[in-house]
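Enquirer: All chains, full assembly: derive it from the sequences and hints.
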Amino acid sequence: MNEVFIGGAGMTPFGRHPDRSLRDLGREAAMAAMRDAALSPRAVDAVYCGNALGLALQGDSGIGQAIGWELGICAVPVFNVSNACASGSTALHQAWRDISAGHCESALVIGVEKAAMPAGQVLEVGAAEFETRLGDIFPGLFAMVAQQHMARYGTTLRQMAQVSVKNHGNGCLNPYAQFNRPVTVEEVLASPMIADPLTLFACCPNSDGAAAIVLRAGRRSARDVRVAASVLTSGTYLPERDFTSWDCERRAALAAYRDAAVRPSEIDVAEVHDAFTICEIVHCEALGFCDPGQGGQLTASGATAIDGDIAVNPSGGLQARGHPPGASGIAQIFEIVAQLRGEAQARQVRDARIGLAQIMGGSQASDAQACTVHVLCRE
Amino acid sequence: MSAKRGESARSEARVDSDPPALEALRGPTGERLIDPARGVLLGSFCGACTRTWFPQRRICPRCYSGERVGERALGRNGVIYASTIVRVPSSLGHKPPYAYGYVDLPRDGVRVFSRFSGSAPEAFEPGAAVEFVLEPVASNAPAATLAWAFRLETLA
Numbered sequence: 001m002n003e004v005f006i007g008g009a010g011m012t013p014f015g016r017h018p019d020r021s022l023r024d025l026g027r028e029a030a031m032a033a034m035r036d037a038a039l040s041p042r043a044v045d046a047v048y049c050g051n052a053l054g055l056a057l058q059g060d061s062g063i064g065q066a067i068g069w070e071l072g073i074c075a076v077p078v079f080n081v082s083n084a085c086a087s088g089s090t091a092l093h094q095a096w097r098d099i100s101a102g103h104c105e106s107a108l109v110i111g112v113e114k115a116a117m118p119a120g121q122v123l124e125v126g127a128a129e130f131e132t133r134l135g136d137i138f139p140g141l142f143a144m145v146a147q148q149h150m151a152r153y154g155t156t157l158r159q160m161a162q163v164s165v166k167n168h169g170n171g172c173l174n175p176y177a178q179f180n181r182p183v184t185v186e187e188v189l190a191s192p193m194i195a196d197p198l199t200l201f202a203c204c205p206n207s208d209g210a211a212a213i214v215l216r217a218g219r220r221s222a223r224d225v226r227v228a229a230s231v232l233t234s235g236t237y238l239p240e241r242d243f244t245s246w247d248c249e250r251r252a253a254l255a256a257y258r259d260a261a262v263r264p265s266e267i268d269v270a271e272v273h274d275a276f277t278i279c280e281i282v283h284c285e286a287l288g289f290c291d292p293g294q295g296g297q298l299t300a301s302g303a304t305a306i307d308g309d310i311a312v313n314p315s316g317g318l319q320a321r322g323h324p325p326g327a328s329g330i331a332q333i334f335e336i337v338a339q340l341r342g343e344a345q346a347r348q349v350r351d352a353r354i355g356l357a358q359i360m361g362g363s364q365a366s367d368a369q370a371c372t373v374h375v376l377c378r379e
Numbered sequence: 001m002s003a004k005r006g007e008s009a010r011s012e013a014r015v016d017s018d019p020p021a022l023e024a025l026r027g028p029t030g031e032r033l034i035d036p037a038r039g040v041l042l043g044s045f046c047g048a049c050t051r052t053w054f055p056q057r058r059i060c061p062r063c064y065s066g067e068r069v070g071e072r073a074l075g076r077n078g079v080i081y082a083s084t085i086v087r088v089p090s091s092l093g094h095k096p097p098y099a100y101g102y103v104d105l106p107r108d109g110v111r112v113f114s115r116f117s118g119s120a121p122e123a124f125e126p127g128a129a130v131e132f133v134l135e136p137v138a139s140n141a142p143a144a145t146l147a148w149a150f151r152l153e154t155l156a
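Residue numbers (this note's numbering), protein chains in the order written: chain A, 1 to 379; chain B, 1 to 156.
These aren't lab readings, by the way, just hints derived from the structure by calculation. A few of these clues could be false.
Label pairs and their calculated CB-CB ranges [stated by the list, open to error]:
1. B/Glu-67 x A/Gly-218: 49 to 59 Å
2. B/Gly-75 x A/Leu-238: 11 to 21 Å
3. A/Glu-124 x B/Pro-97: 15 to 25 Å
4. A/Glu-105 x B/Pro-96: 24 to 34 Å
5. A/Pro-175 x B/Leu-146: 49 to 59 Å
Derived list of chain B stretches under chain A, where covered just means 3 residues or more per stretch with a C-beta under 8 Å from a C-beta of chain A [to be verified]:
6. 25–39
7. 84–94
8. 97–103
9. 106–120
10. 126–140
Which stretches of chain A does chain B cover? Using the computed rule of at least three CB atoms under 8 Å from a CB of chain B, they are [as the list claims (entries may be wrong)]:
11. 110–116
12. 134–142
Glycine included, every Cβ here is placed at the ideal spot set by N, Cα and C.
Expert: As structure tokens, then:
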């Protein structure tokens, strides 16, 4: 197996880009990543493009080829990858597999999405599902995760709100973040209720944006970051499933730590899927940053702050950086790369050497459809 | 022959005076989720491994049997596993507030997504005993569909 390195990363600011197309956003992020890696479009062996909603919202398919066309990349294999919120990270996983196996030398991996809706309009996905027809909304399942976690472990509304407070604070330090305004625990708790017990500021926004990375076989530069593990799992969909954790995430985390030969305690910085505040708490537990049930206390202790023992979502996470579903998985990698290179400026985690990115996607019978965990190392 | 014609005329007369029957909500591959005539949820029973599933499956995901999987009426009584109250309009225009969640049906070993009705939304706590009822669900598209809800057993 070839060792795989990230040679460059780039992204657009996340937020609202009503006048820009998917290919326009994708081109900007991809150009930035290739410039960062000093890679000519001519030297790209394959393109992997993650996008979740383009067909449903913009009527666009073949987005990878369209972005390649913009960049002058043609004739090479192009993979369009869709795995809900894990679309971008699944594209990365596929590229990692292909380079590991020797199918190609250099890959351009893009995540791109336009999911911001006009004011007052709700994002409409999954309308064919019977649960949606009965009134299911996306935050509903995570509201029930919060309900179960609170009942079983005593996790509090304040602890969950502290996730939002921390991540909005971190977002103020990130020039790519959609939100650059701090919030207080009181503001989070007093914001409009969406699905009990999740309020508006417990939920991430739906956003527009793109992120890209260049992946290569072997080290080419001292700034390169090694991909020490790349794992993709899917759900089990068992009817007796316990809502306080995701089995697919535990399996992904265990496999990633095994492949990277690192322990959870060695992770210096992590980007996790905080679509809802309770999610960051659950992910901290599944990734082994604390014991099951202790995620709320871990957050309240300040251990997940930029200057804490394990910095979680220094970028601001989905909560503050924003969430273009297909792009978030690559934006997480962009952040970890910046952190491991020591280029994260005001939000830099001190002496970050090993980083982790985790994201989940899709919903099937109350379970997640996909989960990826990536471990990145600076050597 | 004449008796049959008479029946047909009666049923036409009833259609004229009554509101048209609502179309029943269907599952991911067009399968029936409810039997309106019997007033029950429909799942699948695998004769090979005796496991029950909801919604219906063509192939048993536990033992992979295809031939011995058939439709089965599920029990009407369940216990709430988890619940929430939606406070904003859904993308399909369901009017808030409304409560929903997951109901475990102990007899069948299945967990069912369901709306809750018949009481204030706050009444549906995990652990509460609930009973199945047929109920229309109203949203923007389509206008109304026959579906189901669970309500507190004490009211049923």
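Enquirer: All the hints need checking, so say for each whether the structure fits it.
Expert: Hints, verified against the model:
1. B/Glu-67 x A/Gly-218: 49 to 59 Å: For A/Gly-218 against B/Glu-67, whose Cβ atoms are near 53 Å apart, the range 49 to 59 Å holds.
2. B/Gly-75 x A/Leu-238: 11 to 21 Å: 19 Å, holds
3. A/Glu-124 x B/Pro-97: 15 to 25 Å: Once the Cβ atoms are compared, 20 Å apart, the range 15 to 25 Å for B/Pro-97 and A/Glu-124 holds.
4. A/Glu-105 x B/Pro-96: 24 to 34 Å: 54 Å, violated
5. A/Pro-175 x B/Leu-146: 49 to 59 Å: Given about 53 Å between the Cβ atoms, the range holds.
6. 25–39: holds (count 5)
7. 84–94: As far as the region 84–94 of chain B goes, the hint holds, because 10 residues have Cβ atoms under 8 Å from chain A.
8. 97–103: Per the Cβ count (4), the hint holds.
9. 106–120: holds (count 6)
10. 126–140: Our answer is that it holds, as 3 residues pass the Cβ test (under 8 Å) against chain A, meeting three.
11. 110–116: Three-residue rule not met by the region 110–116 of chain A, so violated; n is 0.
12. 134–142: holds (count 5)
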